[in-house]
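Based on the sequences and whatever the hints tell you, model everything.
Chains as they are written, first to last, in our numbering: chain A, 16 to 127; chain B, 16 to 127.
Only true hints are included.
Which copy? The list can't say, so a pair holds if one copy fits it or any two copies do.
Straight line, CA to CA, 20 Å or less: simulated SDA-like cross-link-like pairs of lysine to any residue:
| # | residue 1 | residue 2 |
| --- | --- | --- |
| 1 | Lys-39 | Ser-103 |
| 2 | Lys-39 | Phe-56 |
| 3 | Lys-39 | Arg-105 |
| 4 | Lys-39 | Gln-113 |
| 5 | Lys-39 | Thr-69 |
| 6 | Lys-39 | Thr-101 |
| 7 | Lys-39 | Ala-81 |
| 8 | Lys-39 | Ala-85 |
| 9 | Lys-39 | Ala-29 |
Keep in mind that the hints were calculated from the coordinates and are not lab data. These figures come from a predicted structure and were not determined experimentally.
Protein chains: 2
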Amino acid sequence: MAEIDEESHVCDAAVTLAFSVLGKRWNGMIVSSLGGGPSTFVALRRGVAGISDTVLSDRLAGLAEAGLVARTVDAGPPVTVSYALTDSGRGLLPILDQLGTWASANLEIRAR
Amino acid sequence: MAEIDEESHVCDAAVTLAFSVLGKRWNGMIVSSLGGGPSTFVALRRGVAGISDTVLSDRLAGLAEAGLVARTVDAGPPVTVSYALTDSGRGLLPILDQLGTWASANLEIRAR
Numbered sequence: 016m017a018e019i020d021e022e023s024h025v026c027d028a029a030v031t032l033a034f035s036v037l038g039k040r041w042n043g044m045i046v047s048s049l050g051g052g053p054s055t056f057v058a059l060r061r062g063v064a065g066i067s068d069t070v071l072s073d074r075l076a077g078l079a080e081a082g083l084v085a086r087t088v089d090a091g092p093p094v095t096v097s098y099a100l101t102d103s104g105r106g107l108l109p110i111l112d113q114l115g116t117w118a119s120a121n122l123e124i125r126a127r
Numbered sequence: 016m017a018e019i020d021e022e023s024h025v026c027d028a029a030v031t032l033a034f035s036v037l038g039k040r041w042n043g044m045i046v047s048s049l050g051g052g053p054s055t056f057v058a059l060r061r062g063v064a065g066i067s068d069t070v071l072s073d074r075l076a077g078l079a080e081a082g083l084v085a086r087t088v089d090a091g092p093p094v095t096v097s098y099a100l101t102d103s104g105r106g107l108l109p110i111l112d113q114l115g116t117w118a119s120a121n122l123e124i125r126a127r
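The structure is reproduced here in structure tokens:
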């Protein structure tokens, strides 16, 4: 009856899984920022323009739970905490690069 | 003074631009679902498990504004409205496939 095949529109489970992490605002940008190497909280907050302390803290906890980011405490003194990508997180970097290339070619920068 | 190079953590502008679209929940899944070909609203809602009518409607309008999705009205009768990826939207599909492959290898499926 329908001309449109409904079966073909079921969203792929693996893509759904990817966006359970990347569909959360800021997560892709945080991973991309950490592509530059281990970072402190403050450096990350400066690198991801517009994010608040509370949200960055929440996102880092979520990315750590998902296994993309590792948090390391150096006893110091002074005590320092740093964040770095795990192997899993680093695996995203070449794909984020491709997304950036696609965006540069296809999206316009808009005022918010 | 700092051991961490702050410059290297500025999130890439192109990646930021990509996540202005993909960092919005559901958008990646909607594009992936439309990878199966043009679809009706109802078929899309079934394909993207868990999305509400209101949110799907909002996201389709946003994706159309961003140039990833085209809306076509067939005068009928009956009048039918269908949604399809543009060339720009189709350009995302191979990257979404890679994200899915990465997710399958690196993320665990969790109960919400």
